[in-house]
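So the sequence lines, in the order shown, correspond to chains A and B. Taking our numbering, the leading residue of the first sequence gets 15, the next gets one more, and so forth. Taking our numbering, the leading residue of the second sequence gets 242, the next gets one more, and so forth.
Hints were generated in silico from the structure; no laboratory data involved. Given the structure is predicted, the values throughout are model-derived calculations rather than measurements. We treat Cβ as the ideally placed atom computed from N, Cα and C, and that holds for glycine. Just so you know, not all the hints are guaranteed correct.
Claimed, not checked - Listed next, the stretches of chain B that the computed footprint assigns to chain A, with coverage defined by at least 3 CB atoms under 8 Å from CB atoms of chain A:
| # | segment |
| --- | --- |
| 1 | 526-536 |
| 2 | 617-623 |
To be verified - If you want the footprint, here are the derived chain A segments under chain B, 3+ residues with CB under 8 Å:
| # | segment |
| --- | --- |
| 3 | 239-252 |
| 4 | 275-283 |
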Amino acid sequence: MSTEFEFTEEMTALRTMVRGYCDERSPEPAVRAAMESASGYDLDYWKGLGSEIGVLGLAVPEADGGDGAGLVYQAVVLEELGAALACGPVLGTLCLAIPALAALADSQAKKDYLPALISGDLVATVAMPTAGGEFAPGRVTVTAAPAADGWTVTGTVDHVPDGVAAGLILVPASTAEGVALFAVDGSAPGVTRADQFTLDRTRRQATVGFDGAAARLLSAPGEAADVCARTVRTAAALLAASQVGGAQRMLDLTVAHVTSRLQFGQPVGAFQAVKHRCANMLIEVEQTRSAAYHAAWVLEEGGDDPDLAVSLAKAVASDSYASVSRAAVQLHGGLGFTWEGTPQLYLKRATTDLLTLGTGSEHTERIARLVLDERIPAANLPA
Amino acid sequence: MASSDQGTPDAALIEETARRVVAEYPPGSTPVAELMGAWYDAGLEWVYFPRGLGGLGAPRSLQPVANRVLLEAGGPEPRTVATIGYGIIAGTICKYADPEFAARLLRPLATGEERWCQLFSEPGAGSDLAGLATRAVGDGDDWVVSGQKVWNSLAHLARWGVLLARTDPDVPKHKGLTYFIIDMTAPGVDVRPLRQLTGRAQFNEVFLDGVRIPDSQRLGEVGSGWFVANSTLADERTSLGERVNARSSGAIADALRLWAEHPENHSSALRERLARLWVRAETHRLTADRGRVRAATGSTGPESAITKLVGSELSQAVYEYCIELLGPEGTLIDTYSPAAPDDESGPAGIQRKYLRSRATTLEGGTSEIMRNIIGERVLKLPQELRNDKNIPWRDVPRS
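Kindly produce the complete structure, drawing on both the sequences and the hints.
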């Protein structure tokens, strides 16, 4: 892995490849079609990400069937998927389930599930409660009981990303000894998935119910909480990277619009009120890029407190992407408020991202605790 | 190994040379001027300058190699010895002055024996610098200069200055300027202190009344002053500085310290505000790092354009926060006497920094201009229609 912030030629090539794939296979009309569809995404597009261009397993070690390139490379992919507003189990599979499996000690489980996820043939998600941007074991709503040949799980979880599409559902559940992590076949008896109609139609969520559904133990009490915490952390970092992409796309689109839109005999982008707001958008995009990639580099290489780095990334990304997308609506004038206009799609994605895996305020509170209350040594690390 | 076929020095040669200088002139016991003279003579002051002018003709990216050796040996940061002049002025002299004149000027600039000042801004020409009015009229081999300059740091101590003056009022404003080196001891140069809201007179006004400048002190062609002044600004921007900033350092360090020292003033609102400022400070630091990494690879990006703007507004926000956290103590200050040293580490340090911070969004380009620059040069947004660029300067309305 290169020096922090040294974006290599390979990363640039990766970025170009993913962008090209998305431009061709998921341009805006395809995104809108996916939004209207029952499943919410194009299966072939998703499979292609895995099998054609091979970008779903970049952060998974080669020994576990992945590419081994590292989390920063995976973040680059997320950035481009965010820019394209890619529809599909990005959050459930790419951000949550794959990192969760990769974090397990159980190598058989990894072998059983990771290859199919990485090839795009299998979709998975994690039904995990979070609070304040962290895994919240106290809010686990599913209980597990030992059964003849394994375990069963019972309970309901709301807001499960990609819950309906998932063929594999990872779920933390309480046992007598504490919270453990289980794998459940999404179409097994005792599993019900009810689609929750989302504000952001490019992202699907479900209420998932378990009623004595067969479950396989992935991580026992004692380890499971740590696996879940690391999963949330990785997911938040990857989500932040996708927020960078969306924000950049909104900046680019807005600049193009205000350059071509003429009023009062000149492009509206010439007026300082508009120009300065665009400059502010650029600043927000660049700040988000710095924070998000710092988190990715830290999770890959170390060099900082990972909780602090991730909270910084998610705090900045959440507030900035939302701000940039709102500015994009505004700077498109009336067009920005229409259904047919592009900014509304990104506004809704930014709003959902802000609420997922910890809001700006929740992560700021976490930072306040780490830096001001606990005064962790990392808060005063030299660069 | 020491150099390539063409004699371009590499890092190893520069480091070797630097170590030789600090061994022969140990920084702990050598007077600064002597040390920096040797440093200059060895071609380490600006390694990217030609030999004989304080350089070795090496790539600019190798400057940190030399500076690190000097700093580790206990020597000063060269920029702090030369202060004004180290960056843009030295670069302009090197690029445009006759080698003999350049040699005369650059060595004492590097050693700090001769100080420099910049005479650009005027009361009527700040953001619109190209609209400046100081006149230079040709008279034989000389130019006769009259006008008023403002915001001139160190002018009261300077031996030389760089001056932008109008040589032709009948052409559009950008085309009628010429760049000069001015002898600050020449008759007709009158330096007066300019007092800021901090109480101090850190800056000056400079009144020029019939000052004679020999044509040999002109840099660049007549009428190309704007071009000369700007061509070296691009070089300055590539030198982002070798110092890496530590987390929780700078202004935010003051805020964190005050927070720890004033538990009686804690509230959840102030706690959240501080956490948000820390996030801003840390993100700014990471962006500066990212810009440095990019610059080291030789490419330019938006990071450098935004760090000045963001840093200036952040520093203001931090001191606005600090003054609030101080409570009633913030209503007091130690003194406004212009003669008193500006003690930012004393009992009224926060108040002083708070007042001083109001200038960060004005100096070196106002925040409004910075946003225009970001919009136009980075985002390539169109310029506003302008009615002053293509008419004779004489016809442009001025206040």
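Are three or more residues of the segment 526-536 of chain B within 8 Å, CB to CB, of chain A?
-> holds (count 7)
Count residues of the segment 275-283 of chain A with a Cβ under 8 Å from any Cβ of chain B, then say if the count reaches three.
-> holds (count 4)
Assertion that chain A covers the segment 617-623 of chain B - criterion: three or more residues, beta-carbon distance below 8 Å = Since 6 is at least three, the answer is holds.
Examine the segment 239-252 of chain A: at least three residues should have C-beta closer than 8 Å to a C-beta of chain B.
-> violated (count 0)
Hint 3 from the list above is the single one not met by this structure.
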